[in-house]
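Number of protein chains: 2
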Amino acid sequence: MARTSGSHSDITGPRLRDAAQRLFAQHGYAAVSMRQIAAEVGVQAGALYNYIPDKQGLLFNLMKAHLDDLLAAWQAEPKGETPLEALESFTRFHIRFHLDRPDAVFIAYMELRNLEPANFAVIEGLRKRYETVLEDILRAGKDAGVFTLPDTKLATLAVIAMLTGVTTWYRDTGRLSRDRVERIYWNMVRKAVGA
Amino acid sequence: MARTSGSHSDITGPRLRDAAQRLFAQHGYAAVSMRQIAAEVGVQAGALYNYIPDKQGLLFNLMKAHLDDLLAAWQAEPKGETPLEALESFTRFHIRFHLDRPDAVFIAYMELRNLEPANFAVIEGLRKRYETVLEDILRAGKDAGVFTLPDTKLATLAVIAMLTGVTTWYRDTGRLSRDRVERIYWNMVRKAVGA
DNA sequence: GTCTATATGTTGATAGAC
DNA sequence: GTCTATCAACATATAGAC
Chain A
1 MARTSGSHSD ITGPRLRDAA QRLFAQHGYA AVSMRQIAAE VGVQAGALYN
51 YIPDKQGLLF NLMKAHLDDL LAAWQAEPKG ETPLEALESF TRFHIRFHLD
101 RPDAVFIAYM ELRNLEPANF AVIEGLRKRY ETVLEDILRA GKDAGVFTLP
151 DTKLATLAVI AMLTGVTTWY RDTGRLSRDR VERIYWNMVR KAVGA
Chain B
1 MARTSGSHSD ITGPRLRDAA QRLFAQHGYA AVSMRQIAAE VGVQAGALYN
51 YIPDKQGLLF NLMKAHLDDL LAAWQAEPKG ETPLEALESF TRFHIRFHLD
101 RPDAVFIAYM ELRNLEPANF AVIEGLRKRY ETVLEDILRA GKDAGVFTLP
151 DTKLATLAVI AMLTGVTTWY RDTGRLSRDR VERIYWNMVR KAVGA
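Which chain is which? The protein sequence lines are A and B, in order. Note that full-length UniProt numbering numbers the first sequence so that position 34 is 34, with each residue one more than the last. Note that full-length UniProt numbering numbers the second sequence so that position 151 is 151, with each residue one more than the last.
These aren't lab readings, by the way, just hints derived from the structure by calculation. Among these hints, one or two may not hold up.
Straight-line Cα separation of at most 25 Å, PhoX-like style, residue types lysine-lysine; simulated pairs [said to hold, decoys possible]:
1) A/K142 <-> A/K153
2) B/K153 <-> B/K79
3) B/K191 <-> A/K153
4) B/K128 <-> B/K64
5) A/K79 <-> A/K55
6) A/K79 <-> A/K191
7) A/K191 <-> B/K64
8) B/K191 <-> B/K142
9) B/K191 <-> A/K142
10) B/K153 <-> B/K128
11) A/K191 <-> A/K142
12) A/K191 <-> B/K142
13) A/K79 <-> B/K142
14) A/K128 <-> A/K64
15) B/K55 <-> B/K79
Kindly produce the complete structure, drawing on both the sequences and the hints.
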């Protein structure tokens, strides 16, 4: 117990981010006040500014952390050796990763318009890097003759939209397990790319 | 010219809805003030309340009008005779209708969380009715043995998510015409359902 | 039907005591 | 590091003159 009473910097910071992420996802960035976040954390509004520059910086940090996580997690993922294996790996990874972080995903897709231009450019760049991951897989498969794609770019966007849509309806208490959902979507993706 | 000077009820109402739709889509419901909408219309904020009960009622009316339009337009659409023809008709209709109304679509998907519970229930009911349109087509095709679907419900959600995603990237000035986009997506949908 | 004026509350952010 | 107190700006909505 060497810590000074009232010193919570090591715990208040993460709690602030957790609370903001939950509230932003539920009500939207613009609809949530700093006072609401502070109340959730259990401090006064003024105290939040010891951890963040301002509300915009808080939103940006949440979104950037999420996309950094996403790209790092894909780097650490076993990708298989053929384009077909890589596509199955990506499909399952995308569903699993997104279902594990519903709030962060929601914010990353819904609050783009509330980012200041400079912040938006950073986030958009990271999002495109992730998009390129799938595009490269699809192009490799098309070039190898194992995928039949009318348009590689559109197929990339179509597959990501289809997979991300899972987060809008999936519930842990629902009819299907995550593994079952992964397998059903993989079945549809595989057919959609003509493999 | 029998109209009294200052009487604009027949034009201010639609202009109000147009302005609100544009601003809500661009900045989000919570981030847009009644003053901003009034300024766009060219009246004072107080005058808006001659046309709407309150801000929430304005949002609800916009979303309900959009979904009523959507369901009515599908009713008026030629649907073909076989499940395969119906699915192609739905695919093309969905893309066309959504690309024609980017702002209304954006609001319908993004502002659900800003609806009061009673309003949300109405909108959600209409949305599900539209979902059922596709689900019925897919089930008919599966029963007829022309579609191969691992799960009809998930296929419904997957196809709608994939098609609606078009609105996030399509630009009239882009590489592909609308008809070309419709055909490329129809190609992917057809393969995804195993037809 | 629109205006001005206003009631009433909330917002993001800061200053300074402890 | 957190608190209280505070600021200036902004919010939604209404009342009453014209």
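In rising order, the numbers of the hints this structure does not comply with: Of the numbered hints, 5, 7, 13, 15 do not hold.
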